[in-house]
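Asks: For the protein sequence lines, the chains are A and B, in the order given.
Note that my numbering numbers the first sequence so that position 311 is 311, with each residue one more than the last.
Note that my numbering numbers the second sequence so that position 5 is 5, with each residue one more than the last.
Treat the hints with care, as some may be off.
[Stated by the list, open to error] With the Cβ distance kept under 10 angstroms, some of the chain A side facing chain B (calculated, not the full set):
#, residue
1, Gly12
2, Tyr107
3, Phe120
[As the list claims (entries may be wrong)] Now the in silico label distances, taken between C-beta atoms and shown as ranges:
#, chain 1, residue 1, chain 2, residue 2, range
4, B, Leu78, A, Pro184, 46 to 52 angstroms
5, A, Lys256, B, Pro30, 56 to 62 angstroms
6, A, Pro218, B, Asp37, 49 to 55 angstroms
7, A, Ile121, B, Val29, 40 to 46 angstroms
8, B, Lys13, A, Ala233, 39 to 45 angstroms
9, B, Lys79, A, Gln119, 33 to 39 angstroms
10, A, Ser11, B, Gly16, 29 to 35 angstroms
Derived by calculation from the structure, the hints in this document are not laboratory data.
Computed from a prediction, not measured in an experiment: that's the story for all the values here.
For each residue, glycine too, the CB sits at the ideal point set by N, CA and C.
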Amino acid sequence: MRVNHEIPIESGQKFQVDRFKPADATGIANLFYAIYGPDYPFDTYYIPERIIEENHRGNIHSVVARTPKGDIVAHGALYRSSPVSSGLFEIGQYIVLKNYRETFAAYKINQYISESLTQFIRADGIFGEAVCNHVTTQKSSALIGMKDVALEVDLMPAGVYEKETGKSGRVSCLMQFRSSNDRPHEVFIPQIYRESIERILEDCSISRTIKRCRGSVPSDCESDVRVKYFGHAGVARANVVRMGPDFESVLNRFEKKAVGDGIIVFQLFINLDAPWNENGVELLRERGYFLGGYVPRWFDTDGLLMQKVFSQPDFDGINLYSEKARQIKEYVRADWDRAGKRAESTEEAVNRKA
Amino acid sequence: MAVTVSDIIAIMKEAGINPEIVSGLKLDVPLFRQGLDSIDLPVIAVATEKKYGVDLSDADAAKLKTINEFVLFLNQKLK
């Protein structure tokens, strides 16, 4: 049954940070309602039975701050999201009741996830998407050993943060990653991105053999592209598991549908396990896609993020905590200058033959 | 054994606080005016709890503004 009203929680209670228990489900739903009202875009978090089911299935691993009375005053989680690999979990869903924000609940949940939960569930790795309208989340992630790997330009819709910051405009996100159980393997890198990728990999503590792309696409290889649309955010994500000779027509169909649905931010995650991707990457750059960064273990093998936006990004307005993140931003900006500016108008994308 | 300023500085460095900031800290100036922020406070508090086995509540930790106040508080707790 969907929670549809807030139940006040007494202030000043002591709490314990712990893994999810089924009895916590109603408290988690109450917490989401208290913070977001009825407007959180994922219904699961309002329905206790679904919270229990998703935790039981291992799609979400909730961590809570629980009082002796059983009230839930804060929440964080590891959960399966956009990656193809089921071993790569996203860290997030952090929320804290307003009357508990002076406490260290969020920090303690962050530590618990980092020190205990990742081992318990045997994650291969964790990643996060920290907003860039402030640096608090980036810094919290850095403290638990997460490394900067990609910059997602204009990912979040403007309205979400306007109330908090008073600033309008979409918000970019810094992707950060930490390996738990690495899988050493070869990756095939388009030459144009070699320098930036080598820089990104420097401190990630993962073992990769970098090889140069070579060869043509095999004629008997069919593209495997898996698309998710986040209409409420204006974002489309495509996981390019395999680029075949039909990739251009697959791309045309993806873009035409996305633009027709009002999508304004396109992200392609490209599997780097095949040596023949260079032509496909160049095609994307001709279409206005530019570098986002490197996404370890996205496919169980690693991926390359490319992205396209239809308006000029405000790179100077992107707030970044670390020197490495600022370096990534410069790589992204330089590629936007070279390739991103070519992004066609939405009308051209709609009219392109699928 | 009494807790000293050097002990607190060492805890901060081990906990991952920016070493450039830590090495320049003044003892009687509020930490939030010397480059530390709301993320750093729980890091320091939890690391201190672990090292000395004291119960440092979130509310207590939030009142400790300077290094000298940290040292004084801990030594009172450890008596």
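Asks: Of the hints given before, which are not true for this structure?
Replies: The structure conflicts with hint 3 only, although it agrees with all the remaining ones.
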